[in-house]
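Student: For the record, the sequence lines run as chains X and D. With the numbering used here applied, the first sequence has no gaps in its numbers, which climb one by one up to 113 at the end. With the numbering used here applied, the second sequence has no gaps in its numbers, which climb one by one up to 1595 at the end.
Hint data in this document are derived by calculation from the structure and do not stem from the laboratory. Just so it is clear, CB atoms sit at the ideal spot from N, CA and C, and this is done for glycine as well. Just so you know, not all the hints are guaranteed correct.
Stated by the list, open to error - The calculated SDA-like cross-link candidates involving lysine to any residue, where the alpha carbons are at most 25 Å apart (straight line), are:
1. D:Lys1535 / X:Lys47
2. X:Lys47 / D:Leu1527
3. X:Lys44 / D:Lys1535
To be verified - To give an idea of the chain D side of the interface with chain X (calculated C-beta under 10 Å), a few residues:
4. Tyr1513
5. Arg1523
6. Ser1545
7. Phe1548
8. Gln1549
9. Pro1577
10. Thr1579
11. Asn1581
12. Gln1582
13. Tyr1584
14. Phe1585
15. Ile1594
As the list claims (entries may be wrong) - Covered stretches of chain X, going by a simulated chain D footprint (3 or more residues, C-beta under 8 Å):
16. 49-60
17. 70-76
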Amino acid sequence: DTAVSQTPKYLVTQMGNDKSIKCEQNLGHDTMYWYKQDSKKFLKIMFSYNNKELIINETVPNRFSPKSPDKAHLNLHINSLELGDSAVYFCASSHMHEQYFGPGTRLTVT
Amino acid sequence: AQTVTQSQPEMSVQEAETVTLSCTYDTSESNYYLFWYKQPPSRQMILVIRQEAYKQQNATENRFSVNFQKAAKSFSLKISDSQLGDTAMYFCAFMTPNTGNQFYFGTGTSLTVIP
């Protein structure tokens, strides 16, 4: 009964490819997020999505795009992958001022 | 601007001892919530403790407690009777409902519990 799940957990791909990471939450939460954690463990918000309102961190390249088919899912699409995109990506969801994270997806771009 | 500062990149503590992790934040909002998250080597982000800014009483969860000083915008985490399983990265965070439920995280403190 995983609360926030992500697939895949590991993703290795080459530069220039397009990839997607899926996220699903079964908590009935209203808001979902994507974070990027770099090699220094800095956690950076990329997007949040609440009731069809998308809030984008302005520093995120437009190669990254979130897509939400329904309230329980927020997938992350990345086009033209670059070496600097290598990181751990976390999906999270929140309701009533508590946020819960998925297990993370380690993306390695070679 | 909403910011969180964790001034201790790394800390260590002997098993069974007590350690305090520091966190300061800055916000102009009056309504907000504060959190400590733990990230062990497994990389899972785990919510440790949460504090509502409108509550004066410090939150406690078993061996974990906070010292919340609202005027000073300080939110430290105390871990008592440290255990080897407490070895992890700890992130301080706050959330402001009035800014679209955005969460703001500090840069983390890496805690090592020494046997």
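Student: Look at each hint and say if it fits the structure.
Tutor: Hint-by-hint comparison with the structure:
A hinted pair counts as satisfied when its Cα atoms are at most 25 Å apart, and Lys1535 of chain D with Lys47 of chain X does not qualify at roughly 28 Å. Of the supplied pair hints, the one linking Lys47 of chain X and Leu1527 of chain D holds, its CA atoms being roughly 17 Å apart against a limit of 25 Å. With a C-alpha separation of about 31 Å, the suggested pair Lys44 of chain X and Lys1535 of chain D falls outside the 25 Å cut-off, and the hint is violated. Proximity of Tyr1513 of chain D to chain X holds as hinted, the smallest CB-CB distance being about 5 Å (cut-off 10 Å).
For Arg1523 of chain D, the interface hint holds, the least distance from its beta-carbon to any beta-carbon of chain X being 5 Å, beneath 10 Å. Among the interface hints, the one on Ser1545 of chain D is violated; its C-beta lies about 18 Å from the nearest C-beta in chain X, farther than the 10 Å criterion. Because the closest C-beta pair between Phe1548 of chain D and chain X is about 15 Å apart, greater than 10 Å, the hint is violated. A cut of 10 Å between beta carbons decides the hint on Gln1549 of chain D: the least distance to chain X is about 20 Å, and the hint is violated.
Restraint check, Pro1577 of chain D versus chain X: the minimum CB separation of about 7 Å is within 10 Å; hint holds. Interface hint at Thr1579 of chain D: satisfied, since its Cβ lies 9 Å from the closest Cβ of chain X, which is below the 10 Å cut-off. A least Cβ separation of about 5 Å between Asn1581 of chain D and chain X falls short of the 10 Å threshold, and the interface hint therefore holds. The closest approach between the C-beta of Gln1582 of chain D and any C-beta of chain X is roughly 6 Å, which is under the 10 Å cut-off, so the hint is satisfied.
The closest approach between the C-beta of Tyr1584 of chain D and any C-beta of chain X is roughly 8 Å, which is under the 10 Å cut-off, so the hint is satisfied. Checking Phe1585 of chain D against chain X by beta carbon gives a least distance of about 5 Å; that is within 10 Å, so the hint holds. The restraint placing Ile1594 of chain D at the interface with chain X is violated, with a minimum CB-CB distance near 20 Å, outside the 10 Å limit. For the region 49-60 of chain X, the proposed coverage by chain D is satisfied: 4 residues have a C-beta within less than 8 Å of a C-beta in that chain, meeting the threshold of three.
As drawn, the region 70-76 of chain X meets chain D at 0 residues by the rule of a beta-carbon pair under 8 Å; below three, the given contact is violated.
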